[in-house]
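J.: Required output: the full structure, derived from the provided sequences and hints.
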Amino acid sequence: MLEVTGIETFYGKARVLNGLGLTVGAGQVVALLGRNGAGKTTTMKSIMQLVPPRAGRVVFDGADITGWPPHRVAQAGLGYVPEERRIFTQLTVAENLEVGRQKARPGRVAWTEAQLFELFPNLAERRGNRGKALSGGEQQMLTIARTLMGNPALVLLDEPSEGIAPVIVEQMAQAILTLKAEGLTVLISEQNLHFARAVADSVVIIEHGEARFSGTLADLDARPDIRDAYLSV
Amino acid sequence: MGLFLAQLLTGLANAGALFMVASGLSLIFGVTRIVNFAHGSFYMLGAYVGYSLMQVLPGAVGFWGAIVLAGLIVGIIGALVEVLVLRQVYSAPELFQLVATFGVILVVQDLALMIWGPTDLLGPRAPGLEGIVRIMGEPVPQYDLALIAITPFVAIALWYLITRTRVGILVRAATQDREMVGALGVNQSLLFTGTFFLGCALAGLGGALQLPKGGADLLMDFTILAQVFVVVVIGGMGSLPGALLAAVLISVLNVFGVAYLPQSTLVLMYVVMVAVLMWRPFGLLGREEVAGELGQVGEPDRPVRPAGTAVRVLVAALLAVLAALPFWGGSFAVVLVTDILIFCLFAASLHFLLGQGGLVSFGHAAFFGGGAYVAALLVKYAGTPMELALILAPLGAGLVAIAIGWVALRATGVYFAMLTLAFAQLLWSLVFQWGDVTGGDDGLVGIWPARWASDNDVYFWLALVLSVGGILVLRHVAHAPFGYALRAARDNAPRAEAMGLDTKRIQHAAFAFAGMMAGVAGGLFVFSKGSVFPNEMEIARSFDALIVVFLGGVKTLSGGWVGGATFKGVEDLLVRFEYWRLALGLLIIVVVIVAPDGIVGGLRKLGERLGLLRPDEAPRGTAAPAAREPAE
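If you're matching them up, the sequences are chains A and B in order. Using full-length UniProt numbering, the first residue of the first sequence is number 1, and each one after it goes up by one. Using full-length UniProt numbering, the first residue of the second sequence is number 1, and each one after it goes up by one.
Check the hints yourself; a few may be wrong.
Which residues of chain B face chain A? A few of them, derived with a C-beta cut under 10 angstroms, are [unchecked claim]:
| id | residue |
| --- | --- |
| 1 | Ala173 |
| 2 | Met180 |
| 3 | Arg287 |
| 4 | Asn456 |
Below 27 angstroms or equal to it, Euclidean Cα-Cα: the simulated DSSO-like pairs (lysine-lysine) are [to be verified]:
| id | chain 1 | residue 1 | chain 2 | residue 2 |
| --- | --- | --- | --- | --- |
| 5 | A | Lys13 | B | Lys555 |
| 6 | B | Lys555 | B | Lys504 |
| 7 | A | Lys13 | B | Lys605 |
If you are wondering where the hints come from, they were derived from the structure by calculation, not from laboratory data. As the structure is a computational prediction, the values presented were derived from the model and not from experiment. Glycine is no exception: its CB is placed at the ideal position from the N, C-alpha and C atoms.
T.: See below:
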């Protein structure tokens with residue numbers, strides 16, 4: 001469903017991605033693992049074309065989306081949940097969801113506000129509150145719900161477990177599994193192997209902007225050397 | 001009591017147009033982050049277009065129809081400007097777009113002159129509302145009452161649009177984080193164009209609505225712009241209720257000012273603004289600006305490097321040729337180049353503030369004019385010799401800068417810019433209205449150089465030494481430890497603070513220093529002309545410097561004087577033509593589009609591409625992207 005080949009991405013003159021490639025099959029949950037600064041967030045932004053790669057290709061659903069403006073990428077069915085959450089703090093929860101709303105498209109789950117409140121019950125009671133009044137965990141739920149309002153076929157989840165309480169992390173994992181059951185494809189970036197283990201089918205490990213390993217979790221467990229080299233602190 | 005009420009009503013009536021223009025500016029800034037200097041021009045266009053339509057369309061329906069149509073037409077013109085000009089430069093450094101809007105001001109001025117001629121147009125009266133109503137014995141124009149009735153409807157419609165519709169939600173979301181809005185599937189280009197349409201339509205509507213009261217003239221663009229800036233800042237950037245409140249406040253204040261304190265009408269507005277901002281730094285209903293706006297992907301600044309030997313030799317050679325100008329150029333050239341030199345120093349001083357300090361001042365003319373007035377007043381009232389006056393001028397300007405900086409530096413970003421503008425206007429209106437001392441509009445005349453420097457050639461050399469010397473000092477400071485500290489404060493204030501730098505103090509010192517150097521230019525200016533008038537302090541002069549700095553290239557060391565020399569030179573060539581503003585405006589727009597890094601930046605890139613210049617080395621290692629502060 002998503003095929004990234006040989007992308008090279010720069011910030012100014014600093015090269016962050018060095019020919020990274022990865023594949024996400026339809027209905028899969030793939031975890032992108034790596035240390036701080038390995039290029040996980042940049043990979044997400046490059047796929048979304050927020051920071052367009054200077055070389056390489058991003059193919060989504062059969063279409064080469066490299067160089068598209070981000071709003072077209074989103075309309076094509078890629079949902080982006082940023083690491084910093086970036087909810088609109090001056091807007092209410094309901095208004096935040098409205099910003100994310102897009103037309104329903106054939107062949108995709110069409111989310112409604114009510115369904116999302118079912119998925120994240122905490123948000124329902126906060127419907128009229130401004131974004132800035134939410135806790136970190138609630139903000140994280142809101143940012144995911146907001147992206148789902150666009151009825152994406154694939155969601156890019158950038159470090160959803162970062163900086164939130166363990167009990168919320170648990171809920172988050174549950175929500176991701178629910179989404180997976182609904183048929184959603186997910187690419188999730190994580191530092192937390194434990195979290196990845198709970199949700200992912202397969203993993204891609206990156207270091208210095210290159211993919212160093214890709215395979216199932218069982219494959220990874222068979223290679224403790226890889227885990228020690230790229231993941232352990 | 002009756003008179004009081006009548007004046008209150010006049011003030012409320014005036015507030016309508018002001019509110020519409022201000023809310024338009026506020027909306028455009030909120031969504032696109034463009035400070036639209038041309039907003040006054042759209043207001044002026046609304047008045048002219050409305051006037052022409054009223055000539056054609058008959059009766060009351062024609063009158064009101066003309067006003068609505070004028071708003072729509074101006075909105076479309078605004079959208080065209082956005083698509084044709086501004087869309088090309090969104091990725092340029094922050095605030096660079098205002099240069100383009102300045103070009104638009106010039107173009108619109110000349111187009112209006114071409115189409116409607118130089119004479120002021122008297123607005124037609126509203127059919128059926130020509131008369132007056134007596135309220136407690138005082139006459140109140142019927143049209144004023146109509147305006148008072150209309151304004152709330154416009155305000156409520158706007159409020160509904162912004163708070164209750166999807167478009168409004170998107171606009172508010174984009175005001176906070178437009179990149180994220182794009183990533184959620186919203187077409188930003190469409191949103192920006194739509195916002196421009198709406199903002200400009202409001203300005204046009206305001207211009208057409210005030211026709212029966214004020215008519216149309218070619219100066220109304222700048223007149224309203226100053227007021228609108230004040231309203232937006234007092235109300236709080238991006239707040240519609242704030243804009244309404246401030247528009248009423250300022251309009252009522254103006255009416256009462258004219259009635260009871262006629263000698264201080266201009267000053268009053270700015271005094272109120274300063275008072276409000278000292279009490280609430282983000283305006284009455286404004287919010288603190290989100291620091292480090294998200295989604296702004298400009299290239300990082302390049303490190304500052306001293307010039308190489310080759311460049312030094314080249315510059316020295318050029319200076320030698322320039323110093324010999326009196327021997328090879330005509331007397332006209334000597335006078336012209338003196339002008340250019342002085343302007344270059346002025347521009348370089350602002351460039352230092354902008355480029356090294358990241359402090360965008362919209363009121364730098366306060367220090368240029370301040371220096372000029374200090375020198376002129378000293379000569380006039382104390383018989384001070386030129387040499388001493390030239391020393392005291394920068395000191396005076398520096399003191400003014402210390403005072404202004406003390407207040408203005410409490411704010412950041414656009415609020416800082418607006419505060420500097422307000423202070424410059426405050427100073428300007430003081431000079432303008434305190435006729436007994438400053439001569440008011442008639443200026444101060446007969447300020448001639450000392451006998452030894454009275455020859456044009458000698459004065460040219462004096463200007464050359466002081467201007468080039470000043471520019472070199474500015475450059476030297478950029479390379480000194482102080483320059484490093486200043487750039488650190490510009491690039492990341494929290495980290496600079498964490499390293500033990502007192503960033504506010506450093507910026508204050510830089511502000512005073514830049515003001516002083518502008519004061520040197522001001523002092524030189526007054527003796528070269530023999531006179532000084534209030535317009536050396538007005539907005540247009542501040543904008544000149546600002547435009548030049550951006551055109552030259554903010555992120556280069558020599559952008560200030562290169563831009564200054566180019567601009568002044570080109571202007572001098574063009575003013576011989578009737579429609580020189582049109583030509584200059586178009587030229588500015590073209591430069592903005594072709595060279596978003598400015599002239600020097602553009603040339604440097606060209607040189608690197610052609611292999612003539614060695615590009616800077618890429619940063620080593622896989623540097624992480626610049627850490628952004630969280631949105632809150």
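J.: The structure should be examined with respect to each hint, and the outcome stated for every one.
T.: So, going through the hints one by one against the coordinates:
{"no.": "1", "hint": "Ala173", "in the structure": "holds (5 angstroms)"}
{"no.": "2", "hint": "Met180", "in the structure": "holds (5 angstroms)"}
{"no.": "3", "hint": "Arg287", "in the structure": "holds (7 angstroms)"}
{"no.": "4", "hint": "Asn456", "in the structure": "violated (48 angstroms)"}
{"no.": "5", "hint": "A:Lys13 x B:Lys555", "in the structure": "holds (16 angstroms)"}
{"no.": "6", "hint": "B:Lys555 x B:Lys504", "in the structure": "holds (22 angstroms)"}
{"no.": "7", "hint": "A:Lys13 x B:Lys605", "in the structure": "holds (14 angstroms)"}
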